[in-house]
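J.: Single-letter residue listing:
Number of protein chains: 2
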Amino acid sequence: GGTEGLFANKTLEITDDVLASYKNQGGFDLLGRSIDQIRSSKQVSAAMTTCQNLNLDGLVIVGGVTSNSDAAQLAETLVQKNCKTKVVGVPVSLNGDLKNQFVETTVGFDTVCKVNSQLISNVCLDAISAGKYYYFVRLMGRKASHVALECALQSHPNMLIMGEEVALSKLTLMEVINKICDGVQARAELGKHHGVLLIPEGLIESIPEMYALIQEISILHNNNVPVTEIPTQVSPWAAALFQFLPPFIRRELLLHQESDNSAQLSQIDTEQLLAHLVEAEMIKRTKEGRYKGKKFSSVCHFFGYQARGSLPSNFDCDYAYVLGHISLHMIAAGLTGYMATVANLKDPVHKWRCAAAPLTAMMSVRRHLRGPGAIPIGKPAIHPSPIDLKGKAYELLREKASSFLLDDFYRTPGGIQFEGPGSDAKPITLTIEDQDYMGDIEMLKLYLDKVKTIVKPGCSRDTLKAAISSMISVTHVLTVMSHPLNAELPLYHFN
Amino acid sequence: GGTEGLFANKTLEITDDVLASYKNQGGFDLLGRSIDQIRSSKQVSAAMTTCQNLNLDGLVIVGGVTSNSDAAQLAETLVQKNCKTKVVGVPVSLNGDLKNQFVETTVGFDTVCKVNSQLISNVCLDAISAGKYYYFVRLMGRKASHVALECALQSHPNMLIMGEEVALSKLTLMEVINKICDGVQARAELGKHHGVLLIPEGLIESIPEMYALIQEISILHNNNVPVTEIPTQVSPWAAALFQFLPPFIRRELLLHQESDNSAQLSQIDTEQLLAHLVEAEMIKRTKEGRYKGKKFSSVCHFFGYQARGSLPSNFDCDYAYVLGHISLHMIAAGLTGYMATVANLKDPVHKWRCAAAPLTAMMSVRRHLRGPGAIPIGKPAIHPSPIDLKGKAYELLREKASSFLLDDFYRTPGGIQFEGPGSDAKPITLTIEDQDYMGDIEMLKLYLDKVKTIVKPGCSRDTLKAAISSMISVTHVLTVMSHPLNAELPLYHFN
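Chains A and B are the protein sequences, given in the same order. The first sequence begins at 1016 in this note's numbering and counts up one residue at a time. The second sequence begins at 1016 in this note's numbering and counts up one residue at a time.
Hints are computed from structural coordinates only; laboratory data are not their basis. Certain hints may be false.
Claimed, not checked - Here are the computed lysine-lysine pairs in the DSSO-like style, where the Cα-Cα straight-line distance is at most 30 Å:
1. B/Lys-1057 with A/Lys-1207
2. A/Lys-1025 with B/Lys-1057
3. B/Lys-1310 with B/Lys-1394
4. B/Lys-1147 with A/Lys-1025
All chains, full assembly: derive it from the sequences and hints.
T.: Okay, here's the thing in structure tokens:
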């Protein structure tokens, strides 16, 4: 029963027999999922009571940013209350947004991206076969665009509208629409009237005026303003935006009001909103004589639930087994409030480095307003990492963007393979980022070698002195830089 | 450009180089798809002109029931007009409804069923993990339920509502709803509040009163009655049904009016209609005290386009290569109006039997009314085959139905494999039906052996005489039975 089962002390002894039919399978049906939360003091104390009643040595919490934030809080509470149960986190999430100096990727991300890329590539081939539809595909993955970026690199769709890009450039809704329309127009000039666009579900949060409108509606809703009166009570510019939106989106904005803002946002059919507005803009451009291609037609998709519960990829199976083993060792070693981590994932398994990293080292306190009048949130938490717009993966996408847009350079990865070619494939973003890291190390080696080449027997005494002085300074800085982290947050290494 | 490219004489010479990057790939992007039709006299004559201009030896038409009906008509026209081009059909369709004594299955059916089964099994595991949602999954496949049946046998969802079953039992919409609700209730009594239902897109056509309502609306529409007035002008019982339906379905019924009735029907979100009505009925049952389980919640899916264009399964690749070779031999042999066929598909490739079957042998003339006032349709065509409700595949489903419903006996086939276990899997329905056919042959052999056992040296003269007389009669009947078909419609065998 998931966390509810934990609160209610529902137990199941996992023997080899029980486990046999669940090994290497997808889903969470062995232990179940329920509310995925151990947060309120009532929930925390229920979890603690169960730990005490069962005299548990360890509790392993499997999940993403929120579950592991909960794990940290629970670990602290158990220590305070002298409960012996050690709490250990394991990074598992399809969103791929639990990513930091300790965690290279999460279990499930590879599988979900592979299944989605398979479906996107099917849609790409369907699009180019018929040559007359634009497919707008929305992908799960919460606020960050990791799933969408990985899928784009795997399947090469024509466009990817990333939330992080939109947020950085502060693009308005109409600027996003115009960007898409310019792409449609550029393709039409090549005689292409089909295409595939990827839209991360978090995009809607990244468009400033949409987010603000949603916040205004949310506040009125919380003040018990009747739904029918909300449109007349929002600010004038928000009302103008609201009236501009198609009716089905207006309904969704008014109806889907839940306590968790991010959950609510994911229920908005962003792909339909964009398709609708792009169509309207293309009709406008046609009337004004700016667009002379065929009529724009779209088909919308939301690839979410059907990628969850999939048979996991070989990489995810390996990764999960290793994390499971680490968890056991962590509890045996008496660690609490730590996460099982594996480094060097891009390398073959024998080069993987197992470790335990303190959950607190991944946590930070953010003060951000959630819309006008909202109060600052000041609780420490593990926050979702956005796409690094200076990273290699994004750079690769940028390099290929124009070819993706115009050349129909679709790539067909197919279903997840368990044997033969492709069965050991890892997420492209993981591989690239690691190449970048190793590349930097190579570059450092080059510089060190260069120093050796310059400063060798025969060089001037002054050069030698300068070199020694500089290197003392460099090593000092590096020692200081790496020391405080090690002291405060000891990394626990298994060898 | 598909058929439009054919009409416009757009050509492409397919060399090995051109073909190299398309081999074993999905989609129709090498030659394109457009209107998938060579039917009107204008279209037929445009196709003929191209054939003559290019001095074509043969034209290979790849498609399902409608494309091959068109192929037959085109072949006849070309012969009448003394055009030398031979027209050959190849059975390719994801629907699996081109199925008869010559055609065991179509290219694409295996792939589409495997991709859909993969997604359905993902959804099943997601459903059982959370334990609180019913997933209503609508599948493509036109009027017949072949895709849905095959997917059900591959993934073992809790329920499958087959159009053919509903049509045979003449179930009303509310009877279908009650059937689903009874299933939900039976599961709730076992403490299960989740589930997965498969709904073939053709189901809506099979519910008598829904079909009649759609026809009434269609006729009013064709008589240019304004959309707003249609609801008031339908017959009283149709108006009552219309008012009973949820608003989004009413809108869809009124708005989606296209010339091709079947296309229009597929745009109705049947899965949402059923989910909506099941929820209403469960609320009603709760109020009446007949249902005491948790609140019923549903999530809807339409698995259509994302399964097309997939990398084909090994079976589909093999099958398509063989059909291509047959087509070449058929044209070389001067056959026109024939379809390339392969028998014994369930056996290893070396046991496959290649043949050419006359398209006319698959065609029939049906006189059926399409709603009140419609005129009889009397053109020969290849008609989609419904599921054989006396067949082995359906029998297997019936046997397992109660276990599927209650035991969460979900099966996880995973993505299409190209190497290793499962890579040579064939459609279950194909394998079962073939086993049935071979089983009958085995049974016949048993009877023949029994005759030999009874009538052997030592048996009475009378027994011998009776046996000879009976066997003369049997062989005579069989000769007559098999002769007319052979005479009129010679099967052309390649050895």
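J.: Give a verdict on every hint.
T.: Right, here's what the structure says about each hint:
| no. | hint | result |
| --- | --- | --- |
| 1 | B/Lys-1057 with A/Lys-1207 | 26 Å, holds |
| 2 | A/Lys-1025 with B/Lys-1057 | 72 Å, violated |
| 3 | B/Lys-1310 with B/Lys-1394 | 51 Å, violated |
| 4 | B/Lys-1147 with A/Lys-1025 | 18 Å, holds |
Comparing the model with each numbered hint stated earlier shows that hints 2, 3 do not hold.
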